[in-house]
Each structure stands twice: as structure tokens, then as C-alpha cells.
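Given chain A, work out where chain B should sit, using these hints.
The listed protein sequences correspond, in order, to chains A and B. End of the first sequence = 201 in this note's numbering, gap-free, step of one. End of the second sequence = 183 in this note's numbering, gap-free, step of one.
Treat the hints as calculated values from the structure; they're not laboratory data. Worth double-checking, as some hints may not be accurate.
Said to hold, decoys possible - Simulated crosslink set (DSS-like; lysine-lysine; CA at most 30 angstroms straight-line):
no. : chain 1 : residue 1 : chain 2 : residue 2
1   : A       : Lys120    : A       : Lys191
2   : A       : Lys30     : B       : Lys180
3   : A       : Lys30     : A       : Lys191
4   : A       : Lys190    : A       : Lys120
5   : A       : Lys30     : B       : Lys181
6   : B       : Lys43     : B       : Lys81
Please read all numbers here as calculations on a predicted model, not as lab measurements.
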Amino acid sequence: MHIAEGVLNAPVLVTGAAVTACGCGIGIRKMDYRAMPRVAVITSVFFVASLVHVPVGPASAHLILNGLAGIVLGWLSFPALLMALFLQAVLFQFGGLTVLGVNTASMATPALACYLCLGKMARHRRAGIAYAAGFLAGALGVLLSALGTALALAASGEAFLPAARLVVIVHLPVMAIEGLLTGFVLLFVKKVQPDLLTNPP
Amino acid sequence: MGSKITAALLILPVLLCGHKITVFAVVEGTGIYTRTYASDGTKIKDGAVQVLDPAGRRLLSGRTDSLGEFSFAIPRRTDLKIVVEGGLGHRAETVVRADQLPDLPAAAAANKPAPSSGPAALDTVLIRRLIGDAVRDGLQPVVRRLAELERDRISFTEIIGGIGYIFGILGLAMFFARRKKCD
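For reference, chain A alone in the conformation it holds in the complex (with noise of 0.2 angstroms):
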């Protein structure tokens, strides 16, 4: 999902971090002092997800997590994607300083496209209906995004139905385990510490 330096052309490079300065710039915006904790929480686990990869027969493709970063941070993911973007970007090359901006819009757009349609199923009392939601958010949140990254790469000349497809299909198995993980998860917060889940600023 990490699209690397020198592929994508200059208009794209400017669009995606367009994107990313508006949502930063509300996502900053809203975020209060009580916010940062969580915001560091979900930031670090985003930034170590990506570590984590499924093999994909003869690829491999890593887990994202920006469903739940969604859920749980609504906004403020914007800010919270882009600097975990940055130190993967600077530690571990994945990905590049002058595609940071397409790089965090193609995540974390869909990460609040995942909280504004899932956020309140995701909090609601009746744990299978919350389990349902973050599965959903997992899951929807891993196809945005392989959509975002093939609609750059095709605005860049590559075909975009054959990319768009070749992603996809190398992102079931992970929207699959993310969609179990991101459920798993919104549980287990909200009888560990409910307070993570309460709505974003």
C-alpha cells in the first residue's frame, strides 16, 4: 500500500498532499489535550501493523489497521497516519518523503470514511453488532485504500483496472484478517478501557 518514490507523476504528488494538509488541518484542529493520549495509542500501533505481513502466495501485503485507526480516532487520523507515515517513510524506507501526502490520503481517508458511516454501530452496547462494525470498518478500510493507491498509480499511466484489480485481489486475505482483528479489538477495548472508545472529538 506504501507507494514508493519516483512512480507516481507531480499532479498526483500535489493532490494527495492537498488531501492530506485539509484533513490534517481540521484533524489538528479538533484534537484536544484529552485526545493525545489515545492518538498516540493508535498512531504507534499503525506504525508497527505495517510490519506485520500475510503471505499472499507469491506476495506478501502487511496489515494496515487504518479501519480501526478510523473508529477509534475519527479525524484525528489524519494526523495520527501522517506522522506514522513519516517515521516508517524515514526508518524504514517504506514509501518516501514526496509521496507522504498520497501515501496518508489513501489511508486515512478511508479511515474516516470508516468512522463517519461505522463509528456508532462500532460503539454500540450489544457486542455482536460492535464486533460486526469493527469487522466491517477492518475490512472496508483495507478496500478504500487498495482503491485509493490504484486510482493514483493510474493517474500516473498505469492502467487502472488491471492495478486496481491486482491489489485487491492481494488485499482479500488482509481484509479478512483485518476485519476478525479490528473486531477483536473494538471488544476487548471496551471492556478494557471503555474511555478509548468514547466518540472523537
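What follows is chain B alone, placed relative to chain A:
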């Protein structure tokens, strides 16, 4: 959530890998051997390889085979930039500097004076080339092994460091946000 991070960290050493591809290039004889792989060691098959000169002109191109390898004859004695695209936004590049390249036979012949200075001179040139070839052949396994050792891995220190940065930055932010509120 704390225990989730702990759990994630515990399984890390087994699962260290990522989404980055690397290309290694080694001069072998009058050619260059390259190998491309992802950071978990997966070979990049059928990746598009391009060899560019310093001005960015394409000298030659090809695709990696099923082992992620691609070899080519040195097209020109200049800095060679090797770019491999693995599809889906994966890209790696490396540069082989001109001073790492051997004298190409044609260039060498042009540089050296014609062997008119007698049989002794001819022998020196010939012997020099033979020994050079033999040494290169003998060193090949060592050079390949070195290239493999050079493969960069993600270290545990970097992961812990990254998490430290995240908590540190947000801790600072919290401090300032709190202070502003108190003022």
C-alpha cells in the same frame, strides 16, 4: 490496548518484513548481475528493469527472471543507474559507478598501445588480463555473498525508536496544549 502493542511486539521478530524492494547490482566480468527482492527476501519476478546513463537516457531495458535476477553486458563505461519497477508502486534503484566497471575490451584495446613493442609487452598485457579474469571468477561467490549480507533489515531498535518518537511528540503536544488551556 497496551497488551495489544505488547502482543504485536512479541510476534515481530518472526514477521519483520515490509513493503520495500531493493535492487543489488554487482559487476561480473564484462557484465552486471542484478538481483531484486522485497525486504522480507521475496524475489521480485518479472520486474521491469531499466538501465540509464547519468543524463537519464535509457541504455537498455529488460525484465527480471523467476529468481528476481537480471544480467546484462555493460553498455558503456559511465555511471549506470539501474531502476527496477515491481508494479503496484514498488520501485528500487541503484547506481553502479563508472570506476567500479572494468575496462571494456574495445576500450582497453584502444587505450593500450599496439603490441608492436615486442613479444614481452604482448605477454604482459595478456597475462594481466588472464590473471584479472581468474581473480574475478574466483571472487564471484564472495561478491554475491557480500551483496546478500548487505541486505538491509529493519532492526528492533528502529521500531522501539519510532514508538518512542510518537509518544514523545504527542507528549510534548499535550504539554503545550495543557499549558495553553491553563493560561
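Go through the numbered hints given earlier and state which of them the structure violates, listing their numbers in rising order.
Failing hints: none at all.
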